[in-house]
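6 protein chains.
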Amino acid sequence: MIELSSSTWTDMRDVLASGPPLAVLPFGALEQHGPHLPLDTDTRQAEAIARGIASGLDAVLLPSIEYGNTWGNAAFPGTVSLSVDTVAAICGDIAASLDAAGFALLVVVNGDYGNRLPLQLAAEKRAAAGERMPVLVLDYPGLVDIGDQVKESPWAAPGLCHADELETSMMLAISPATVHPERFVAEYPGLPPDFGQRPQALAPLGETGVFGDPRAATAAKGEQIIAHVVTQSLAAIERTLRSLGLR
Amino acid sequence: MIELSSSTWTDMRDVLASGPPLAVLPFGALEQHGPHLPLDTDTRQAEAIARGIASGLDAVLLPSIEYGNTWGNAAFPGTVSLSVDTVAAICGDIAASLDAAGFALLVVVNGDYGNRLPLQLAAEKRAAAGERMPVLVLDYPGLVDIGDQVKESPWAAPGLCHADELETSMMLAISPATVHPERFVAEYPGLPPDFGQRPQALAPLGETGVFGDPRAATAAKGEQIIAHVVTQSLAAIERTLRSLGLR
Amino acid sequence: MIELSSSTWTDMRDVLASGPPLAVLPFGALEQHGPHLPLDTDTRQAEAIARGIASGLDAVLLPSIEYGNTWGNAAFPGTVSLSVDTVAAICGDIAASLDAAGFALLVVVNGDYGNRLPLQLAAEKRAAAGERMPVLVLDYPGLVDIGDQVKESPWAAPGLCHADELETSMMLAISPATVHPERFVAEYPGLPPDFGQRPQALAPLGETGVFGDPRAATAAKGEQIIAHVVTQSLAAIERTLRSLGLR
Amino acid sequence: MIELSSSTWTDMRDVLASGPPLAVLPFGALEQHGPHLPLDTDTRQAEAIARGIASGLDAVLLPSIEYGNTWGNAAFPGTVSLSVDTVAAICGDIAASLDAAGFALLVVVNGDYGNRLPLQLAAEKRAAAGERMPVLVLDYPGLVDIGDQVKESPWAAPGLCHADELETSMMLAISPATVHPERFVAEYPGLPPDFGQRPQALAPLGETGVFGDPRAATAAKGEQIIAHVVTQSLAAIERTLRSLGLR
Amino acid sequence: MIELSSSTWTDMRDVLASGPPLAVLPFGALEQHGPHLPLDTDTRQAEAIARGIASGLDAVLLPSIEYGNTWGNAAFPGTVSLSVDTVAAICGDIAASLDAAGFALLVVVNGDYGNRLPLQLAAEKRAAAGERMPVLVLDYPGLVDIGDQVKESPWAAPGLCHADELETSMMLAISPATVHPERFVAEYPGLPPDFGQRPQALAPLGETGVFGDPRAATAAKGEQIIAHVVTQSLAAIERTLRSLGLR
Amino acid sequence: MIELSSSTWTDMRDVLASGPPLAVLPFGALEQHGPHLPLDTDTRQAEAIARGIASGLDAVLLPSIEYGNTWGNAAFPGTVSLSVDTVAAICGDIAASLDAAGFALLVVVNGDYGNRLPLQLAAEKRAAAGERMPVLVLDYPGLVDIGDQVKESPWAAPGLCHADELETSMMLAISPATVHPERFVAEYPGLPPDFGQRPQALAPLGETGVFGDPRAATAAKGEQIIAHVVTQSLAAIERTLRSLGLR
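Protein chains in written order, with our numbering: chain P, 1 to 247; chain V, 1 to 247; chain S, 1 to 247; chain R, 1 to 247; chain C, 1 to 247; chain L, 1 to 247.
In short, the hints are calculated from the structure, not lab data. Treat the numbers as computed from the prediction; the structure is a model and nothing was measured. One or more hints might be untrue.
Claimed, not checked - Output of the computed footprint for chain C on chain L, the stretches with three or more beta carbons under 8 Å from beta carbons of chain C:
no., stretch
1, 1 to 8
2, 195 to 203
Said to hold, decoys possible - From the derived model, a few chain C residues whose C-beta atoms are all more than 12 Å from chain L:
no., residue
3, 148
4, 204
5, 245
Stated by the list, open to error - Across the chosen pairs, the derived CB separations fall in these ranges:
no., chain 1, residue 1, chain 2, residue 2, range
6, R, 193, C, 145, 14 to 24 Å
7, V, 16, L, 193, 53 to 63 Å
8, R, 144, C, 20, 18 to 28 Å
9, V, 185, P, 102, 49 to 59 Å
10, C, 246, R, 158, 22 to 32 Å
11, V, 218, P, 17, 29 to 39 Å
12, R, 144, C, 85, 39 to 49 Å
13, V, 16, P, 219, 27 to 37 Å
14, S, 245, R, 58, 31 to 41 Å
15, C, 85, P, 219, 51 to 61 Å
16, P, 129, C, 56, 48 to 58 Å
For glycine and all other residues, C-beta sits at the position ideal for the given N, C-alpha and C.
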């Protein structure tokens, strides 16, 4: 794995000389994650998973984007949101730079629900415009499966994890110093009947910003979750590399 | 100082409850800095200076933007550039979030020459639109003065420092592990007679991407530089706070 | 059900006088559907399903949009594509008009895969901007379930139906005169291993534009499919109406 | 004439194989037309005229756009308006698709006053950008002449026909079932002295949305009007085809 | 008449204190006008007519815009063109400033065919957005009538005057020193059969850029033309002032 | 020097035939300049300096843009402002026209503080897009030096001159008839401590719009100032011409 941030341009010249590399971009957010997890939870998780992916692929790990589209949490202090257009522009510009530089593929590891649409949009616009280098956006493949396996507490909604046992476990594995176990509190907000059907703000739904129960979280579970998502991500990337004739 | 990334929303709720806080945003870039400095040099420097400022002000330190507008270095491998419109949009969106949340001032610590125009533009557009919370963009105030004091090697051009003694000193102070002293090489590219008068690509001007001589760099000089820029930045912010009636 | 196109403004004045109505917008496309189905297949299907929904809800049926984002089929003659930005703008403008006029909800019945992102984007942008009237985008809920029940031929890929037994059945039910049974031909194009993972053009994948086997299609199956999707759509809308406090 | 909506891609492949075809696009609107005519009056009229043109030319008839720029009628319930930018984008995208596909000319048959500017703008932008396939926008050539011939009631203003004898006659010819003769009412709103000089909303000018007198309308007059506008349109297209060296 | 350019802000304060003033903006172009007329012909004519109007109304005369949308003449050296979007933006920004400052009406005196669409578009967008101060765009009302009266040479096409007897007469009246009688040459380019029906470049149509015959031009005719257009413009503005309840 | 406005296209054809010419564009503004100077002060000064430059270079002098970005003075009657985006678009469009026509360089002589950012932005965007013809934006080089020499009154702030001795002197030299000596008044507004550090409106800072003391102004000083700025501008352009290999 090459960490782009700490590499020099001569390092990268050598990397590129041995063939078109793969790039992995963690795209996070700065949004509330309950009283016990830091605002950059999504970024740290995306970074950890991206790092695992880049290691597995011997790819170039890009620096993280630490902000995302998270208007739905704006009512919680400390949340800072980019618009969907800005998220799409960041992804599009980075992809254009890498395409021009000769990379083979950009894998975006998305850590924030609100980034899904704009990142897919950026990928779609480039594809429609006839790009050379494709963009593959991954939204934690396998997360629900591994969640079903390791979770002891119920889901707040099928597949919904926000400041819950899963996210807290991942943060205990990645960055235990930023987790506040003394503030662990379970909340299962009543969700509107059409939750997930259309864009809705999370903020009015609960008191604490927690959607689930962090109390059963452990670092071991977090490692298991990350490992599984990395494995599933590598499988997805493998499919794309075969699709591109690179495997 | 409050580091926003590792704070929780409840931490920030308490911060906001005690009055409108100040925010400090490091805005970096991912661009070539010679064979001996990492691609994220601008980000790390902006971050170090922003941290010093945030400490001095008891302000909220925002996570860094690790990409900037650096098309002029695009020919050097590993450089990844955002467009001017994207840089301006990022700054504008973050300012809008902080304004809505009740912050008193956003200080942007800019670490990349190419970000100057778009960051100023974002500040100007918000001012023209009648913002409540102003944006103050700082471009390392005092850097040339302290450079004149500590530098043993000549400037590549008045005020131009790129991968030279000054930047290398700062990186030795901030992140010595990413500096490659064995690759130190001096280069004083012949500059076009109108250098600095109009937008021009740096890439064709030299071989190594170095504009100066890193060989006399020391961590001690780096600390001196950073301390001076922080002090000058605090003085500038102090002026703005008085201008806003906050001091 | 009120069909907006053939109503007068005085009819609509009376409708609005009895409370905020619901609106249903079919959003189609003009794209290849094999040698045996017409280019407006997506529009006719969306229209039929939207009509069923509007009947079930006593809602206002809007005229169809007969073009969509279908760049991936552009290589097949007769395909005419709008950009993602144009699709999003159409949806956003119509929603803004209905919001201003006092409608309670806009349900968009999307008939084209390529419209998913831009329609969701339009809904998201309005939500983030604090709309009064929400937009609910439906992508044929229940289609895969009913497909699993009625299909005699295999799927070209899980959930993929394009000019296959399902679409042909629906068209036999809706508009038999535009179906050419004498041209029925089965094709199961080899799909790239990452099919569905990222935006990709359909055009290079097959010869005929068919993804499946239209030969077992019947109008009876088509009616069953449509009825099921309508029922599932009504259930989804019901959830949103409860979410909005309207049921 | 080839009706694109009900054709298949293989049909269109054959059409294109015999030389660059002409395309005819009806562009309508969804706006009030008094108590007696349906909201889609403009679309149906544009469609009828476009069909006559396509027949006369053996051209490809495109599906109609059933929405237009009609902000000036927004105060009448049931009116749904696109912005000028969206109207221009739709026309530009469709033209780009047809240009890429090898069409010789796109004729836009505009049925709504508010679409004139944006459609002309779309045509102009393509021309200025050096298009291959031109766009010809027609606004019912000859309508005033034939109106002068057939009308028994006075014009509400020179050349102004909205829900009057002319439009009602056309609708009696095209779609009698959607016309409500029992609601026929004449209204000659007092027009501002600068009517037609600058963009102004129609809505405040009258009570009923009628500008004239529908009572003398007949289907026979409607057929006469349509036939005349089709003939004049064909003459205009003939001039453009000669201009392009295609006749 | 108040000439804004040479007034001071205190002059304008006094003007505004005596009630909402009218503003007159000449919008020209920089485009070829044959070998005998200067490139700024459209600007000087618009300025002369605007001055006449402003005198007649005791209005505020704004400084001229000396560039316009004239892509169709770009092949003639010295022509400099703005895009339609830029022309519309200039007009929209100026209107917004005057609206905020309390003006009653902005009259735009357009001197260039290519500005018609974008200026009307700017006016329309403001009207649709619910402006307070309207924009009235005038395209030399009465020019054809007076042309029919004074012209001794034939029109190059009905209503078409470019570097011909009419324009040359106006320039002899306005700015004789910039007219080159020794280069007078008549040219009647063969026009395409659909001339004026759709956007087309002028450049390929003739050799000299002249469309008509400048030889019979006189300053006296020019004064007559200008006086007539001013009178007709004042009549049009009078209608709008009555429409606004200001007369 | 060739004055483009009064040249014909055949004149320019001959100019272009003898090699790629240089173009000089004065970019002004329409903004308050105290009770004694006209609103177009910035335009007239930019024009005078641009004329001097064009003479010195035997370049093509373009017509002036008489409006600029001056939102900060909007509260003073008579000020009319363009947005930053419009200023950038005007400059970009003109540069694109000149580039296509074969000019060697566009020199923009900027007369308004608020135009600096958008003009630099236009130049930067073209450079980043790989333009052929560069844009050089000049902001009165040498003005402060000559000001220090000729001024008898103190500066309102270092380098700040607005309606003061310097600007009044220049206007006495350029256009004495528009200067009102009887209204000369000195004002030294208290400036906020961060004046010049970030975008701020000028309007609230003073009563008169004067920043300095016009009373010592003379036409002789004005001529000296203009001559010096022209000389310094020519030196800057010389450097760019050498940089481009044209000297």
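A quick look at each hint next to the structure:
1. Given a C-beta distance limit of less than 8 Å, the hint that chain C covers the stretch 1 to 8 of chain L holds, as 5 residues qualify and 3 suffice.
2. With a threshold of 8 Å between beta carbons, the proposed coverage of the stretch 195 to 203 of chain L by chain C is violated, since 0 of its residues qualify and at least three are required.
3. Every C-beta of chain L lies more than 12 Å from that of residue 148 (chain C), the closest at about 28 Å, which supports listing it as non-interface.
4. With a minimum CB-CB distance of about 14 Å to chain L, residue 204 (chain C) clears the 12 Å threshold, and the non-interface call stands.
5. With a cut of 12 Å on Cβ distances, residue 245 (chain C) stays outside the contact zone with chain L, its closest approach being about 24 Å.
6. Between residue 193 (chain R) and residue 145 (chain C) the C-beta distance comes to about 20 Å, which sits within the given range of 14 to 24 Å.
7. Separation of residue 16 (chain V) from residue 193 (chain L) is about 26 Å and departs from the stated range, judged on CB atoms against 53 to 63 Å.
8. Between residue 144 (chain R) and residue 20 (chain C) the Cβ separation comes to about 37 Å, which falls outside the hinted range of 18 to 28 Å.
9. Here the CB-CB span from residue 185 (chain V) to residue 102 (chain P) is close to 25 Å, at odds with the stated 49 to 59 Å.
10. For the pair residue 246 (chain C) and residue 158 (chain R), the beta carbons lie near 25 Å from each other, so the given range of 22 to 32 Å is met.
11. Separated by about 33 Å at the C-beta atoms, residue 218 (chain V) and residue 17 (chain P) satisfy the suggested range of 29 to 39 Å.
12. Between residue 144 (chain R) and residue 85 (chain C) the beta carbons are some 32 Å apart, a value that contradicts the proposed interval 39 to 49 Å.
13. At roughly 32 Å, the beta-carbon separation of residue 16 (chain V) and residue 219 (chain P) lies within the given 27 to 37 Å, and the hint holds.
14. A hinted range of 31 to 41 Å for the beta carbons of residue 245 (chain S) and residue 58 (chain R) is inconsistent with their spacing of about 56 Å.
15. The given range of 51 to 61 Å is respected by residue 85 (chain C) and residue 219 (chain P), whose C-beta atoms sit roughly 56 Å from each other.
16. In this structure, residue 129 (chain P) and residue 56 (chain C) meet the distance hint of 48 to 58 Å, their C-beta atoms being roughly 53 Å apart.
Checked against the numbered hints above, the structure violates hints 2, 7, 8, 9, 12 and 14; every other hint is satisfied.
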